[in-house]
Amino acid sequence: MKILELRNVNKIYDGSEVHVHAVNNISLDFEEGEFAAVVGPSGSGKTTLLNLIGGLDIPTSGTIIIDGTDLSLLKPSQLIDFRLRNIGFVFQSYNLIPVLTAKENVDFIMSLQKWPAEKRDARTMELLTAVGLAERVNSRPAKLSGGQQQRVAVARALASKPKFILADEPTANLDSKAAATLLEIMEKLNLEEKITFIFSTHDPRVVNMARRVITLLDGKVVSDEIRKKENKPA
Amino acid sequence: MNDIFKIAWRNLWRNRRRTMITSASVFFAVFFATIMRSYQLGTYDQMITNLIESYTGHLQIQHKEYQDNPMIDYSFGYDDTLISAVSRIKNVVSATPHLESFALASNGPQTKPVAIVAIDPLKERMFSNPENKLVKYRISESAVAAMEKSGLFPSEVMKKVRENAGRAYSSDARLELETGLTGSEALKYLPEILRYCKTENGFLGEHDDGVVISDRLAGYLKAGIGDTLVLLGQGYQGASAAGLFPVRGIIKMPSPEIDSRLIMMTIEKAQEFLDCPGKITTLAISLTGRSDRVMNQAKKEIAAIIPDGTTVKTWIELNPILYQQIQGDSQSGMLMLGLLYFIIFFGIFGTVLMMVAERRKEFGVLVSIGMQKSRLKRIILTEMSLLGVFGLAGGMAAASPLIMYFYYNPIVLKGNLGKMMEDYGWDAVMPAAWFGPYFYWQAVIVALMVIIASLYPMRKIKKLKEIEALRG
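Residue numbers (this note's numbering), protein chains in the order written: chain S, 1 to 234; chain U, 1001 to 1472.
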């Protein structure tokens, strides 16, 4: 089932002296359950593309439709609410709320959606167990390693049962062991729960694991490769 | 605890030192502002109460020309029917006739211009009750010498007594207050001090032909009880007024200005002395309170029943200079407090600026993952409010016991500062005002500071662009 469509999407940064065509007429479709990596050299437009898909940035032209909703038609507050209910974010530098524990960080997203407390508790424990942090639920981010924080970030991104998760260089700040653990968890969630992941990455381990690799260069899609499921992280 | 409060509360303690410093600045501002204002209002209240209760009343009926030309010629005829009619008006506590004039008073070689206030001794009990102000104790040179000779008193107590030599008191509490005896000293030595300083005194009888004179005037004229004063003045419509008046008693007036020139006699005797039978100059009216509403309502009703040629004036109209002095002083006090709060505001604002700069990326993340900006604003507003509430509650809690203490134990100013206040005609005592609107206004001011300081982060959040904030 198609959950995301990009049609002729452009993003142009038009400064007084610099004119950058960061995303150049990209059209893509994503199906439910994909595990896709967007790759390319620095400045190729990976992060910009993810920001546009996530509704964090507005395209100069073109259309982005998520599960039948055209993002350009939403007011700013509706867009925030749409993100809350449909998109999970995993940032390069984790970006957990520092004053909340691991459990509270995950719970927070559901409380924004006004889930009942019992349902939130159960879901939080289920997710933190899934990312291997059942023992650290009451630790604040500062007491967790980078890998653990990123796993909490994944649990947080999954909390509201989004249509897909956008992960911008999720392994960039992790050592190889932590990165491998994180990727295994994400792949497991993808395979077992059909959760769609879209990464931007430089990390070859992520690329190896991805079942679809979209390569960008100067804001354009230069290749869109579909791979077999058997790929495993390095 | 809901999420907004939980996050705001924990955010406050992320930078514990900064939170403490900001709250402390609010604390000190509230503390000093409350104490300063309490003293200021307490002093005004004391001045006004002294004046109203001892002299003018809340309202006064007088001849239309009397305020501009306070002469006996502008007296008016009265009888008990006027007093009865005035007394029936709502909020009127008492209506007390006075006949006031001026004269020269002599005792031996000493002569001084004096103010004569003639009273009805029975009715006056309901108004200023001058019998309560009769001098009961005097720290005379002979009393000090006798105390020293007795050897009963330690040197610290004697030092305090000597510093107050020459002063007279109308109550033991006042003597204790002005000498500055500590609690234990008062408990041990006050009864003995009072015994040495006790002085005989008397007051006017209903048809008395003598006078009661104020303490400072008695000192100047070197007059004591039983001495006879010569009064020389001008009576009604130019008649000459002269008479001999035996001194029945000495009173201590709270206002030093009045205390240095007051002679009291009965209205009956004054009408005879000034040749104005059946006339008074003022009818002083006491009310249940001095709010504008009470005063204006009573004034309106009294104006409808007073004799032709007379008018009714409020204490403010009767004392415009004092009122303006108080207003001016109050406004300069408020200006000082405004300055204090202005400085503190910038302390709070500095914290806000740093907080917003440090947490811009965090704001971006929160909005990116789905937190509405309105909710984020509520978190920041809660943080700011908590900062204000800590300082406000602390400042009020710290100021309250001091206000209560100094309300019941006012500071007695001594030395040059005390003299300076007395020279201005003010009692050299600084009581604190009891809790009132000035106290609760601190909460409003702090709330306003918090709201104004919060406008900056509110605006920043409103204008926040997720993508720019996420870049840090």
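No lab work stands behind these hints, which were simulated from the structure alone.
Just so it is clear, CB atoms sit at the ideal spot from N, CA and C, and this is done for glycine as well.
A portion of the hints provided could be inaccurate.
Derived DSS-like pairs (lysine-lysine); straight-line CA-CA distance at most 25 Å [stated by the list, open to error]:
#1 U/K1149 / S/K75
#2 U/K1377 / U/K1299
#3 S/K163 / U/K1465
#4 U/K1373 / S/K143
Cβ-Cβ distance ranges computed for the label pairs, FRET-style [unchecked claim]:
#5 U/I1021 / S/K119: 35 to 45 Å
#6 S/E225 / U/K1462: 22 to 32 Å
#7 S/M1 / U/L1448: 47 to 57 Å
Hint-by-hint comparison with the structure:
The hinted pair formed by U/K1149 and S/K75 fails the criterion: a straight-line CA distance of about 94 Å is larger than 25 Å. With a CA separation close to 52 Å, the supplied pair U/K1377 and U/K1299 exceeds the 25 Å bound. This hinted pair checks out: S/K163 and U/K1465 have alpha carbons roughly 23 Å apart, not beyond 25 Å. Between U/K1373 and S/K143 the alpha-carbon distance is near 28 Å, which puts this suggested pair outside the 25 Å criterion.
A beta carbon spacing of about 42 Å between U/I1021 and S/K119 agrees with the range 35 to 45 Å that was offered as a hint. Taken as a hint, the range 22 to 32 Å is violated for the pair S/E225 and U/K1462, whose Cβ atoms sit roughly 43 Å apart. Taken as a hint, the range 47 to 57 Å holds for the pair S/M1 and U/L1448, whose Cβ atoms sit roughly 55 Å apart.
Checked against the numbered hints given earlier, this structure breaks hints 1, 2, 4 and 6; the rest are met.
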